[in-house]
Amino acid sequence: MAGTAVRGRLSWQTATVGPVTDETAKVRTLRLEVPDWPGHRAGQHVDIRLTADDGYQAERAYSIASAPGEPLAITVERLDDGEVSPYLTEDARTGDQLEVRGPIGGYFVWEEDSGGPLLLAAGGSGIVPLRAIVRERSRAGSSVPVRLLYSSRSWEDVIYSSEFGLPPGGVEVIYTLTRSQPRMWQGYARRVDNQMLAEVAWPASERPLAYVCGPTSFVESVAAGLVKLGYPAGRVKTERFGATGS
Amino acid sequence: MSPVSRGFRRKREAAPAGRVPPGQYVTKDFPVLSAGPTPHTPLSTWTFSIDGGREPMSWTWEEFRALPAETLTTDIHCVTRWSKLDTAWQGVSLDVLLGMVDYDARYVLAFSDGGYTTNLPVADLLGGKAWVAFDYEGAPLGAEHGGPARLLVPHLYFWKSAKWVRGLQLRDTDVPGFWENYGYNMYGDPWREQRYAGD
Amino acid sequence: MVDEETLDGNAIGGLLMEVFGTEMTTAVATCGSCGAARQVAELPVYMPGLGTVARCRSCQSVLMVFTQVHRVTCVDLMGLASLG
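Residue numbers (the working numbering), protein chains in the order written: chain A, 182 to 427; chain B, 759 to 957; chain C, 760 to 843.
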């Protein structure tokens, strides 16, 4: 299989929390320092394990927010009834320790050789691995055209808004804000549907490659919609985040 | 040895002393935990059957709902360590259902839409200990929690309370159901912490 | 109707690495019941806390089950015709 240059470590490694950045009221990016981090591919994730002082452990998977070659970072959304995300987004501070396993994943990955044009569709925190892909594209100096369709509840919930506010050349970001919109909003204001996909997605004749990530219902609906537009199922990659706040 | 993540604690709510079995914590949530997709069997085709007695017995939804039903409030205990107190249900007692069958089997394998199974001794279904429940907290049981009807056997770990139950197979021997096949305890008494085989 | 909690094989990439010793989400899983073949990453995956169940996307048959019993990982692949 192509692209096995980076092999994930099978075992858990200790990571130290580095600088943290609040992206939105509920979302935080944490840099993680892992000695001998083997590097990663855009789109991969890590498993994070926390241990309480009574020995209780909890594990969750989080997409890597940084591009290959950049320091390892994850972006975490706080789920109201979560157990791990409230800790990572509110309590964890620089210097705290947790465990990391990975990088993980060989399916939902992109590198320059994968080609395009790229149709990236993000629902809520599904933006995280897609942002890593966009950053990798810049880092690799690729000119593959990208359309990023990003569905979010409101402008306040948009993650990486300043980064996408000035997208790299060849990258077009289309937002849809599904619950509330700023005054004077001219963009889409509803859940992604087949009509929106027909307007936004690359025509199938351009042989695009699609990556769809977010809550399960978002992914199912968008993937089905792209297949209806003529995208071969094998050119639509999906990553379902289950039920999330989004 | 894993490093301790400073300040991390399990999400837990205090349990009244002696109220929950060992190793459990109390939650106000009702987690939706399933091993497969939620089935959506129309009531017009739904039946509950008991096989393996002298004659097979089966009830349509109308026939089932015409049977005498009880309301009950009980605690439930999941092997994943959450317990939920004072849950309110309405259901038909297995005393009523099994009372209409001529049998001498000692075990059942309960089976559900979607293929889920779980095994129990007949004795644990009798004596006011088990129901086929169709109502939760005063409303028809939602599909995500096992509706239109699920088995409810609150004195055992909740994986024995099969969601989307469609019937019982009466058996002379105890055979493992879905989770029991993969290492979970054949009986599952939360008060003796019988989570896994051999506990 | 979509069950919102359902994940896919991407979510068990770490578990599969631990069990098989290598990245497995691009491996092709062939259903022993209906013959449908799909990459593991695209299989519906259920994690109800008692264990992890990966099913066939076409016929919903159980393909793989993983449980942790007293720190021992149990793996059942009997629903698969092949994996690789």
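In short, the hints are calculated from the structure, not lab data. Among the clues, some could well be false.
[Unchecked claim] Not everything, but these chain B residues come out facing chain C in the computed CB check (under 7 Å): (1) L791; (2) A793; (3) P795; (4) T796; (5) S816; (6) W819; (7) W937; (8) G941; (9) Q952; (10) Y954.
[Unchecked claim] Now the stretches of chain A that chain C is said to cover, found in silico as 3 or more residues with beta-carbon under 8 Å: (11) 286-292; (12) 413-421.
All C-beta atoms in this analysis are idealised placements derived from N, C-alpha and C, irrespective of residue type, glycine included.
Closest C-beta approach of B/A793 to chain C relative to 7 Å, hint status: At 5 Å from the nearest chain C Cβ, B/A793 passes the 7 Å test, so the hint holds.
Evaluation of the interface hint that places B/W819 against chain C, nearest CB under 7 Å: With Cβ-Cβ at 20 Å, over 7 Å, it is violated.
Agreement of hint B/L791 with chain C interface, Cβ distance less than 7 Å: At 4 Å from the nearest chain C Cβ, B/L791 passes the 7 Å test, so the hint holds.
Checking hints one by one. Is B/Y954 an interface residue toward chain C, by the C-beta closer than 7 Å rule? holds (5 Å)
Can the segment 413-421 of chain A be counted as covered by chain C under the rule of three residues or more with Cβ-Cβ separation shorter than 8 Å? holds (count 4)
With 7 Å as the cut and Cβ atoms as the points, is B/T796 at the interface with chain C? Since chain C brings a Cβ to about 5 Å from B/T796, closer than 7 Å, the hint holds.
Cut-off 7 Å, beta-carbon criterion: hint that B/W937 touches chain C: Result: holds, 5 Å to nearest chain C Cβ.
Does B/Q952 pass the interface check with chain C, least Cβ-Cβ distance below 7 Å? Because about 13 Å separates B/Q952 from the closest Cβ in chain C, which is outside the 7 Å limit, the hint is violated.
B/G941 as chain C interface residue, shortest Cβ-Cβ below 7 Å: holds (4 Å)
Under the criterion of a CB-CB separation shorter than 7 Å, is B/P795 in contact with chain C as hinted? It holds, given that the least Cβ distance between B/P795 and chain C is near 6 Å, below 7 Å.
Can you tell me if the segment 286-292 of chain A counts as covered by chain C, using C-beta to C-beta distances under 8 Å and a minimum of three residues? holds (count 4)
Interface hint status, B/S816 versus chain C (Cβ within 7 Å): violated (25 Å)
Consistency with the previously given hints fails for numbers 5, 6 and 9, ordered from lowest to highest.
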